[in-house]
Structures are given as structure tokens and as C-alpha cells.
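Chemist: This is what each chain is made of:
2 protein chains.
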Amino acid sequence: MHQRTARPLDPASDAAIAASVTPLPIGEVAAKLAIPAEALYRYGPHKGKLSLDFIADLEDRPRGRLVLVTAINPTPAGEGKTTTTIGLGDALSRAGMKAAVCLREPSLGPVFGAKGGATGGGRAQIIPMQDINLHFTGDIHAITAAHNLLSALIDNHIHWGNALDLDARRIAWRRVMDLNDRALRQVTIGLGGPANGFPREDGFDITVASEVMAILCLADGLEDLEARLSRMVIGQTRGRRMVRAAELEGIGAMVALLRDAFQPNLVQTMEGTPAFVHGGPFANIAHGCNSVMATRSALALADVVVTEAGFGADLGAEKFLDIKCRQAGLAPSAAVVVATVRALKMHGGVPLKGLGAPDVAAVTRGCENLKRHVENLTKFGLPVAVALNHFTGDTPEEVAAVAEALAGLGVGVHVCRHWANGSSGAEDLARAVMELVERPSTFRFLYPEDMPLAQKIETVARQIYRAERVDFSSAATARLKEFEAAGFGALPVCMAKTQYSFTADPAARNAPTGHVLPVREVRLSAGAGFVVALAGDIMTMPGLPSVPAARDIFVMPDGFIAGLS
Amino acid sequence: MHQRTARPLDPASDAAIAASVTPLPIGEVAAKLAIPAEALYRYGPHKGKLSLDFIADLEDRPRGRLVLVTAINPTPAGEGKTTTTIGLGDALSRAGMKAAVCLREPSLGPVFGAKGGATGGGRAQIIPMQDINLHFTGDIHAITAAHNLLSALIDNHIHWGNALDLDARRIAWRRVMDLNDRALRQVTIGLGGPANGFPREDGFDITVASEVMAILCLADGLEDLEARLSRMVIGQTRGRRMVRAAELEGIGAMVALLRDAFQPNLVQTMEGTPAFVHGGPFANIAHGCNSVMATRSALALADVVVTEAGFGADLGAEKFLDIKCRQAGLAPSAAVVVATVRALKMHGGVPLKGLGAPDVAAVTRGCENLKRHVENLTKFGLPVAVALNHFTGDTPEEVAAVAEALAGLGVGVHVCRHWANGSSGAEDLARAVMELVERPSTFRFLYPEDMPLAQKIETVARQIYRAERVDFSSAATARLKEFEAAGFGALPVCMAKTQYSFTADPAARNAPTGHVLPVREVRLSAGAGFVVALAGDIMTMPGLPSVPAARDIFVMPDGFIAGLS
Chain A
1 MHQRTARPLD
11 PASDAAIAAS
21 VTPLPIGEVA
31 AKLAIPAEAL
41 YRYGPHKGKL
51 SLDFIADLED
61 RPRGRLVLVT
71 AINPTPAGEG
81 KTTTTIGLGD
91 ALSRAGMKAA
101 VCLREPSLGP
111 VFGAKGGATG
121 GGRAQIIPMQ
131 DINLHFTGDI
141 HAITAAHNLL
151 SALIDNHIHW
161 GNALDLDARR
171 IAWRRVMDLN
181 DRALRQVTIG
191 LGGPANGFPR
201 EDGFDITVAS
211 EVMAILCLAD
221 GLEDLEARLS
231 RMVIGQTRGR
241 RMVRAAELEG
251 IGAMVALLRD
261 AFQPNLVQTM
271 EGTPAFVHGG
281 PFANIAHGCN
291 SVMATRSALA
301 LADVVVTEAG
311 FGADLGAEKF
321 LDIKCRQAGL
331 APSAAVVVAT
341 VRALKMHGGV
351 PLKGLGAPDV
361 AAVTRGCENL
371 KRHVENLTKF
381 GLPVAVALNH
391 FTGDTPEEVA
401 AVAEALAGLG
411 VGVHVCRHWA
421 NGSSGAEDLA
431 RAVMELVERP
441 STFRFLYPED
451 MPLAQKIETV
461 ARQIYRAERV
471 DFSSAATARL
481 KEFEAAGFGA
491 LPVCMAKTQY
501 SFTADPAARN
511 APTGHVLPVR
521 EVRLSAGAGF
531 VVALAGDIMT
541 MPGLPSVPAA
551 RDIFVMPDGF
561 IAGLS
Chain B
1 MHQRTARPLD
11 PASDAAIAAS
21 VTPLPIGEVA
31 AKLAIPAEAL
41 YRYGPHKGKL
51 SLDFIADLED
61 RPRGRLVLVT
71 AINPTPAGEG
81 KTTTTIGLGD
91 ALSRAGMKAA
101 VCLREPSLGP
111 VFGAKGGATG
121 GGRAQIIPMQ
131 DINLHFTGDI
141 HAITAAHNLL
151 SALIDNHIHW
161 GNALDLDARR
171 IAWRRVMDLN
181 DRALRQVTIG
191 LGGPANGFPR
201 EDGFDITVAS
211 EVMAILCLAD
221 GLEDLEARLS
231 RMVIGQTRGR
241 RMVRAAELEG
251 IGAMVALLRD
261 AFQPNLVQTM
271 EGTPAFVHGG
281 PFANIAHGCN
291 SVMATRSALA
301 LADVVVTEAG
311 FGADLGAEKF
321 LDIKCRQAGL
331 APSAAVVVAT
341 VRALKMHGGV
351 PLKGLGAPDV
361 AAVTRGCENL
371 KRHVENLTKF
381 GLPVAVALNH
391 FTGDTPEEVA
401 AVAEALAGLG
411 VGVHVCRHWA
421 NGSSGAEDLA
431 RAVMELVERP
441 STFRFLYPED
451 MPLAQKIETV
461 ARQIYRAERV
471 DFSSAATARL
481 KEFEAAGFGA
491 LPVCMAKTQY
501 SFTADPAARN
511 APTGHVLPVR
521 EVRLSAGAGF
531 VVALAGDIMT
541 MPGLPSVPAA
551 RDIFVMPDGF
561 IAGLS
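Protein sequences appear in the order of chains A and B.
All residue numbers for the first sequence refer to our numbering, where the first residue is 1 and numbers rise by one.
All residue numbers for the second sequence refer to our numbering, where the first residue is 1 and numbers rise by one.
These are computed hints drawn from the structure, not numbers from a lab.
Remember, it's a predicted structure, so these values are computed and weren't measured experimentally.
Every residue, glycine too, gets a C-beta built ideally from N, C-alpha and C.
There may be inaccurate statements among the hints.
[As the list claims (entries may be wrong)] Which chain B residues face chain A? A few, computed with CB under 8 Å, are given here:
#1 Leu108
#2 His159
#3 Asn180
#4 Asp181
[Stated by the list, open to error] Stretches of chain B that chain A covers, calculated by requiring three or more beta carbons in the stretch to come under 8 Å of a beta carbon on chain A:
#5 136-144
#6 185-195
#7 245-252
#8 255-269
#9 535-547
Bound conformation, chain A alone:
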């Protein structure tokens, strides 16, 4: 039964590679950005949080250039968006820029499930990767506690007399847990008699799907955090009045639980580039980017900041730009679209098992997916570079086919080898990005705030997904009108759609046209400040696979945690 002493460390594993470098003391990392010692709250020698006072003092500083790393629609072949963000950040540092990267923090669900952690891989990792992939500085646990405190207050309120006349059938506020646990998706609670409250249906989402997470990532200060939490709609009364979270009288306690978690975390890449790793909202029912606090701080401290958005550019980049940049007043200077020959081949019709054989024609076909994402980004006024992450099996002809396919768009294709080589593998990409960010900004949003909600959804569907039209359910249409009547018409929309396709059908790879986007349900995230449009079944609590990653994680006799990736 004792696994601990029995297994050796795999020297090719991400954990072993990460451990092969000696991290800089976090104070030295902070010094690269002129962060003074007293502004850094340390969690051990290699992690820190920036004080809110220090961040407030950055307000009037000039801001650096912001580079967004996004990707083609993901496939099982893998793209390497996080490694590209890290590799590009390191390559910019190597080129003499004062650079920083901004990333999301990992959830324990994928760490123990199928996907693994979120700290990059190979020579392009953020460290200490064991800490970051497990509890890190406790931010996600704090969000779990704050979210579930509100849940407990809701049922407690009903138990003690329900003065607000909450309709137990219309409580929208579920509970959360930072694990993949399918058995909690749908539950009944309050069973067992009067002492245990009133029975009702409920369910658990994974913590990163909590609106509290989205709010933590969009608020620009403690006061805004509190105001957004207060505004959240947790359900309705019997008379169908929307009930705000503040009515449960626990917002102060929630802010207290979130105070430390709200401070951006500072760590480093394997090459010592400062890395802000803070927040990680779901990329479907939320906007999928690291916190505004981290990005704004990084921009005030560095000349160039590389960040990533969730999923492919159709979802992640669009939401980064239309939600996060809009709310935070950010104007990115360039975008990098990540692709691989293997993934492009899959978009070109090659199955996963067939990826071993060279297939130039399939690459060329699959480039339609890449080209559409590039075109979409130019609709936001962003200059674009393509990062082609190199795999050993890629042939020169296949690589050439990508450059050729994109020639007409005036976009450079940069072969990247940061996974194997670190910063030296992303030098070409870094040079291109340094040139792009010097161009005068022409950044613009896809739609204006004052456009009606349904029309915003249609704009994203037509302009980005290239859908022929949107098919709203009658319930969705009615709810959108309700939201507008209640004063939420100026919010941006947050599209919840499969990440695997431009359409709502995960099997429709590459660049489909003529499709219809079904919007069966819309939800209000009044605190986060967006209206979620659900196109298809969206899972907010993943399950574990039959062989979970947890099985291969173990602690070695010296305390080293092996098996994380």
C-alpha cells in the first residue's frame, strides 16, 4: 500500500524538468520589475503576493504593451498555448525587454483528472510547478469558502423563517467544489427532517465556474469586489423578484475570505521571467482569463506583458477582448495565434491515430481554421503573428504549407521550439511580436455596449463563428428582454459554446459555414457583469476519467511531489 518510496522520478517528466533549475528568490524576481520588498507578501521563498496598497500606487504609471496568446480550435493533438505564452515571455526577456507573463492558476479538478496542471511543460514552465498546481497560495480554496458561505446563508435563511420569501425552486446559486466530481452535479439537500432544513434540489459546480471566481478576476479593487459580490443575483422570491447576494447579509464575510486571494500572485518562469498567476475562471460560462488586478499590475511594471485566453480564439480571445478588456480599460497591442502541424492536420480531416504520416494536403486544408481565427482577430484591429509549435515528426513541407496558406493574410508564421529549448526556441516569434507592438493601436471592440443583447449575440455568431443565424429559444428571448428591462442591457455577452468548433457541434472541425447557432438558455451574471448565452450542453462540473491522473501522483521520501504535469 505504500507507494511513496517505491517509485522513481521520471527524468523526462515536467516535474523533473522544472526541478532541474534553481529558482531565483522571489525577491529577485520582484526586483526585475522594481517591486519593493515591502510590497511583496511572501509564501515561502518562491511565491509572493503584491500588496493592494502598492497596486493602488501604480495607478498613474505608464502602461506597457499587452500581447494576447490565443489558438486555433483545440484538438486532441494539442496546441501549446500556455507554453507559448511562457516561451514568448522568456524570449522577450532574453531580447532585453522588461517582460512579464500573466496566466491563470490551475484548478485541482484537471490536476487529478485528465488534463493535468496548467503550468506549461518542457523548458517552458512556471515554477514552483508543484505548488502552483496544488494549493498555490490558497486563492481557489478561498473562493470555494466564500461561495459556499453564501450557499449556507441561503439555506440558513430559509430554515430560520425565510423573511425574504425566497422561492426554494428558483435558487440559482449552486454550491462549488474544486474537484472533478460528477456525482455532485445534481443532488437533493436538506433531507433528514426539520433539523436539517427544507429539502430542495441543488448541485455543485467546479469552483472555477463560480461567479465569485469571475468577479475576483474582473474587479479592479476591494470596493469593486464588494460591490460586484453584492450585486449578484442568487435567485428569486415567490413573487419573482430577483434577490441580490447582499440581501443575505454575508458580503462582508465573503470579502474577508477573499481579501488575500484578491492580491495577485507573483512567481517566475524557469528562466526567471516574472509571472503573474492569478485567478482562473471557466472559459465557457465565464470569460476565461487571469485577473484584471494581475494584468493591470503587470502592465504598470513591465514594458511588455504576454497573457493567454482560454480555449480557441473564437471563444477565448473574443471574451478576453469584449469582456475583460472592455471592463478593465485594456487595449492589447498584438495577438499570437498558436497552432501545430498536427492539430491543423486534424482540422484537415486526419484522425488522431493517423497523425504520424506526413500529409501536406491535410495541413493546407486545416489552415482554414487558423486563417479564420487570424481574420477574426483583425476585426478587433489587432496585428497578428502565428506561432507554429514544432513537433519532431513535422516535415519541412508541412511547415512550409502553413506559411504558404497564410501568405495572403500578411501574417508571419513563426516556428517555435520553446518546449524543447526554452527562450531560444521562441526568438523568431519574439522578434516579430516586438515589431507588431510598436505599430499604432487600432484596437476596437466587436460590438458597442448599447447594442441590444440579442444583437450582440448575433454579432459574435456571425462575425466570429460565421454562423448563418442564431436560433434563440423562446425562453432565451424572453429572458433577454427581462434582463434589458431590469437594466442589464449594456452588459457584454459571454458565449458558452463548445471549444472544439466554430459551431455548437464539437465534431465540426476546421472552418464550417452556413450553420445555425442554437441559444437555448441565457443566464445573468450580474456581479461579473455579463450575460451568458448557452449554445449547447455546457458542463460546469467535470467528471474523473476511468484512470484519473491522481493515481500517478505521489510524494517521494524527500517530500518531492512527482506525477504532476
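Position chain B against the provided structure of chain A, taking the given hints into account.
Modeler: For chain B alone, coordinates are given in the frame of chain A:
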């Protein structure tokens, strides 16, 4: 809706008093115990964890004297066990001893519920109290995650084919959450169709009731931690075979989640005495003391260590001595029993509302409760001192009545004013304790390991509770025999009984005799290493009161968290 800027800080609150002192840098606190800088993993300027390597190196050091602080049966009048532990530690430091205190870490449940935090009060507090009362160093969150990972693995195992043939009706492993949330006590999970697993009954305990918490507090090293987690019994197969946690193949991941949490935390009292605050198991279905790792480390580093046990001495001290000291090889040198005139009056029959009026006769009557606890402790061979925490309304005659009542036992009664005055208020108690710990040890356990389980329960009931007999349910008798047949006969017993009385009836105050202790159910905690005997209804998930403490907690504009106590 915005509470944050609206409320002033109450200068008489524990939070304000704690904030009135400037804490020492944690490195200076560590230096008092000759803990080198490299052995301390820092969480900000005022909290740290001791490295496991350093602790391993302490193994051969001579050990200091261990003093247990315990109490009469608690009443709504309050006793002040934690403040006495802190005040005594400070007074011993003031007297020139190299002293440390060992305490449990607070759970968020009581912090937001009715009881408040667990960091003492007045001038006898551990700091930084805001941090300790909220997430501290994340230990309890880590336990929640490790516990619930195992829960998810169990349902995942059933979902993917149930190769172990787990009987879903006999899963003993519930889920946990570190909040008071009565609606989660009894739930049904896995609803909603095949994708969500098999529906079954389940429930949530508060995290501090998790066997993982008990194990974290009893294990003496990482290897022991892993072995204990592996041994836990999580349920039965259809063929009634006990299934061990290790069979779910997630122990390595659980240890990885617990690695940092397993390191003892170091903080300080308001007077700068080193305080180890680590672990906090429930005091009914578990043993209710801080971790063995913390106590053993403190004893290797300090000349005298003051620690406390949960509830009154009948439950807390007995389990501290028969479970923790037995498993960890500890031999305490003295015990302090805490009482107040007000609480003794309640044991003497005065209701809470009548406590304002002096009543010497009631005090004398109530001293029967105190005397019995003192006598019980001498059965363990421990020299005893009584700490009488002074309230402003106590009359000299009432105080004198306590001394008089105890005169026959040869035990000193020491009036304490550390709540109001800090260490100077506990000087008399400290002098007495310094004398007691110099006596040659006559410490012994109440019962030997090789006594049959039922007889161990009877021994505690007769010797400590003064019950006439134990009434075992037939199920309990059968299960005890089952445990013995399975090789668990040598385990100590962990009594789960109301803390308010020597009997199983919470209303039976003072010193009842002739009662029968009903043991309706017994449970095996195979990893923690004890057999739990349940006498009466034991709540493992508290509920929130109608006006939860959460309502009064808020963050001030400068980030100060007010409303904690």
C-alpha cells in the same frame, strides 16, 4: 449594500486589542526556540511552517515538560480554556522559562456561526488573529481537498464499473466542507441520469470531523501519514469485506495535497511567546487536540509546553491522555483545570440570567463538578492546579468558596486575570505549574491496550463519568466483536458524548451519579487508530444560528478585517 466603509472598528473587540500590539517578525519568534531561518517556511511576515527535515533532526533532543490545560464541563457562562493556555504560556515566558504553547487551528464553521474563532481573547490572544481565524496557512482547506478527492474517487470507481464491488449502501466515507451547513447533513447524490453516476445517499461533515484531520494530528511523519490514510476503511463490498482507502489508488495524491499542511505552523502570542497552532480535530468523534507533529516539535525546542484539549476534562483530557499521549509516546507533567465562578454557579443550579447575583452556596455546590475532574486527573497520575478565571462580578466570598471546596484535594486554586492583564494576570498559576512539573512523573494511562474494547469503554464510563454501567446496543456489541476479530482490539476508544455533562444528557450538570451510559453505535477509525463509541446524538455538521457571526464580519478600507472574535 456596501458595508465596508460604513462601520467603525470597536476598540474593545478582540480584533482591535490584537491589532494594538506590533507582532515580532516570525524569524524572531523562531529564534527564541533556536529554530534556524532555513527551517522556517514563511507565510508572510508573521506566520511560518517548520520544515519536516528540521523536525526529523529534532528526534534525539531532550524533551521539555508538557502541561495540559483542560476544564470543567462547559456551560454557556464560558470558562476560558484557550485564554488560560495562552496566558499561562506568556506567564511562564515572563518568569524566564523557554516556553511555547500548542493550540488547535480554528475552523471556518464556528468563525461564521455562533462560537467565533479560536485564538483566545482580550490580552491573551495568538496573532495574527485575523489570518489564523480565516484561512491561516491553508491546512484545513488541504484536508477538505484530500478528503473529497477520496470521495470523488469512490463514486468514480463505481461509475466506471465498480471492480471492487463496493456496496453503495455501505459507503462510510462521507464528504466534508469547512462550514456550518445543516442542509448538507443528509443528501442524495448522483442524480440526473447515467452521466452523473449512480444515485446514492450521502452527507457532508464539517472538515474538522474528517478522519483525515484526525490522522494529520496523530501521524508522526510523512510515512506514517501515508500508512494511516491507506488503512482507513471507507466502506464495504457486497460481500461485507472492509475496503481500505488505498484500494481506490489515490493515497499518493492525498499525501501530495497534505504535504504542506502536515508541517506545524508557528505564530506567536500577543506577548511574543512562540505558539504552535496546528490541526484541530473534532473533540467528539475524534480526539480533539492539536497535532502530534506540533507538540513533539515544541517539546524538543522549549523547556515547557502548554497545550489544551477539547471540551471538559471528562472528554478532552481523557482522550488527550489515552489516545494522543499513548500514540505519540508523550508523558505530560501536570494538568490545569480551568473554571470560573460563573460556570460553577451554573453547575450549582443557577440559570444563565441569574449569574449577576452573588451566590456562595451555588458556587460550593458547583465545585462538585470541578472536584470530580480534578480527582479524575489524579487517576492518570497527574499533579493538578486549578485556574479560576476572574470576572469583574465575582465576589471575594465566591472565590474563597472555591479554594475551600478544593482544600481537601491538596490542589491550589489560582485566580487568573490574563484576559484583562496578559501574563501578569497568570503569574500565580505559572509559579504553581513550575513547581508541579518538577515533581517526578507518575503519569499512567487509564486502561491498558490489551483490554477488550467494551471493557475500555466501561472503564472510561465508570472511572471518569462515574456511570453505574454502560448500556451497549446489540449492534454496538456485535460491531465491537467484529472489530476485535479484524485485529483492532488493541486500539484505544474515542468517546463521543455531550461535553456539557458527565452523563449522556446535556442537561445533567454538576456531578451526577448512578447514571447509565448508552452506547448505541460504534465506529472504526482505522487510520486514526481508535474506535469511536457514540453515546447519544453526535452532530458532525453544525448549523448556522438565526443571526450568524458572518453578518458582523467586514473588511475596512485599509484591509483590516473586523468582527472576528
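Chemist: Next, verify each hint and record whether it holds.
Modeler: Comparing the hints with the structure gives:
Proximity of B/Leu108 to chain A holds as hinted, the smallest CB-CB distance being about 6 Å (cut-off 8 Å). Because the smallest distance between the Cβ of B/His159 and any Cβ of chain A comes to about 7 Å, under 8 Å, the interface hint for this residue holds. Nearest Cβ of chain A to the Cβ of B/Asn180: about 7 Å, under the 8 Å cut. The hint holds. Checking B/Asp181 against chain A by beta carbon gives a least distance of about 4 Å; that is within 8 Å, so the hint holds.
Given a C-beta distance limit of less than 8 Å, the hint that chain A covers the stretch 136-144 of chain B holds, as 4 residues qualify and 3 suffice. Coverage of the stretch 185-195 of chain B by chain A holds [criterion: at least 3 residues with CB-CB distance below 8 Å; count 9]. Given as covered by chain A, the stretch 245-252 of chain B passes the check, having 5 residues with a CB less than 8 Å from a CB of that chain where 3 are the minimum. Only residues whose C-beta sits within less than 8 Å of a C-beta in chain A count toward coverage, and the stretch 255-269 of chain B has 5 of them, enough to reach three; the restraint holds.
Here's how the stretch 535-547 of chain B fares: 3 of its residues keep a CB closer than 8 Å to some CB of chain A, so the rule of at least three is met and the hint holds.
Every hint from the earlier list agrees with this structure, and none is contradicted.
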